[in-house]
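Q: Please take these sequences and the hints and turn them into a complete structure.
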Amino acid sequence: MITNEDFSIDELVRGMKKPEIGAIVTFLGVVRADAGLKGLNVEIYEEMAEQELRRLERAAREQFEIEAVEIVHRAGSLKVGENIVVILVGAKHRKEAFQACEYLIDELKKRVPIWKKELEE
Amino acid sequence: MKVEVRFFARCREVVGEKVKELEVEEGMKLQDFIDLLLTRYPELRKVRLIVSRNHNYAPLDEELKEDDELAVFPPVSGG
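Top line first, the protein sequences correspond to chains A and B.
Numbering follows my numbering, in which position 92 of the first sequence is assigned residue number 92; successive positions increment by one, without gaps.
Numbering follows my numbering, in which position 16 of the second sequence is assigned residue number 16; successive positions increment by one, without gaps.
Calculated from the structure, these hints are not laboratory results.
Incorrect hints may have been included.
[Said to hold, decoys possible] Here are the in silico distance ranges between beta carbons for each label pair:
id, chain 1, residue 1, chain 2, residue 2, range
1, A, 20, B, 42, 53 to 59 Å
2, A, 77, B, 40, 28 to 34 Å
3, B, 60, A, 34, 32 to 38 Å
4, A, 47, B, 48, 48 to 54 Å
5, A, 61, B, 19, 16 to 22 Å
6, B, 16, A, 9, 37 to 43 Å
7, B, 43, A, 34, 37 to 43 Å
8, B, 63, A, 117, 31 to 37 Å
9, A, 14, B, 39, 50 to 56 Å
Please read all numbers here as calculations on a predicted model, not as lab measurements.
Backbone N, C-alpha and C define an ideal beta-carbon position, used for all residues, glycine too.
A: Okay, here's the thing in structure tokens:
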């Protein structure tokens with residue numbers, strides 16, 4: 001899901017919990033204070049990004065034994081320390097949850113039409 | 001026939017436009033369209049280009065249709 005708003009990991013975790021889920025792995029991407037960086041502007045081709053995110057989720061579900069996926073990516077200008085993206089994967093066991101979560105963030109960085117532009121001092 | 005072209009990130013900055021309607025020949029392929037773009041906007045030559053069709057990555061020999069939405073953008077950098 002694409003949004004300008006920040007998100008709450010607690011809420012996302014609560015929304016994901018199901019009796020059959022024994023492991024939830026979360027990846028949180030945050031704006032890092034690189035030299036001279038004031039923040040980031042995140043631009044997103046929304047219609048295509050939503051579609052690519054759905055495709056990514058389907059691919060992860062086919063490859064890994066997982067129960068649930070949540071992906072939220074923010075757009076707009078973000079300051080150092082602010083949340084950029086969160087990916088949660090729920091599975092029966094931790095191994096699949098870790099593997100699927102890493103797969104999702106790696107593929108997101110390759111395929112989803114999003115661009116981050118550094119905002120200098 | 002007409003198609004809609006959307007420019008993103010570095011490509012939008014270089015071209016100076018966000019959306020543009022273009023008249024192209026019937027049956028034009030995606031590769032021909034990219035060549036047309038590069039002649040019309042030579043400054044795009046210095047950007048590594050990706051062109052999607054109707055929200056999908058498409059092969060270069062794919063044929064364009066009336067009212068297609070094409071998007072022109074540099075390599076993605078999300079996450």
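Q: State for each hint whether it applies.
A: Taking the hints in turn, this is what the structure says about them:
With their beta carbons about 57 Å apart, residue 20/A and residue 42/B fall inside the hinted range of 53 to 59 Å. At roughly 31 Å, the beta carbons of residue 77/A and residue 40/B sit within the given window of 28 to 34 Å. Our hint of 32 to 38 Å for residue 60/B and residue 34/A holds, since their Cβ atoms are close to 36 Å apart. Separation of residue 47/A from residue 48/B is about 22 Å and departs from the stated range, judged on CB atoms against 48 to 54 Å.
Range check, residue 61/A to residue 19/B: about 35 Å between beta-carbon atoms, so the 16 to 22 Å window is missed. Range check, residue 16/B to residue 9/A: Cβ separation about 39 Å, and the 37 to 43 Å hint holds. Under the hint 37 to 43 Å, the C-beta atoms of residue 43/B and residue 34/A, about 28 Å apart, miss the expected range. A C-beta distance of roughly 34 Å is found between residue 63/B and residue 117/A, which places it inside the suggested range of 31 to 37 Å.
Hint check: residue 14/A to residue 39/B, Cβ distance near 55 Å, so the stated range 50 to 56 Å holds.
Of the hints listed earlier, those the structure fails to meet are numbers 4, 5 and 7, in rising order.
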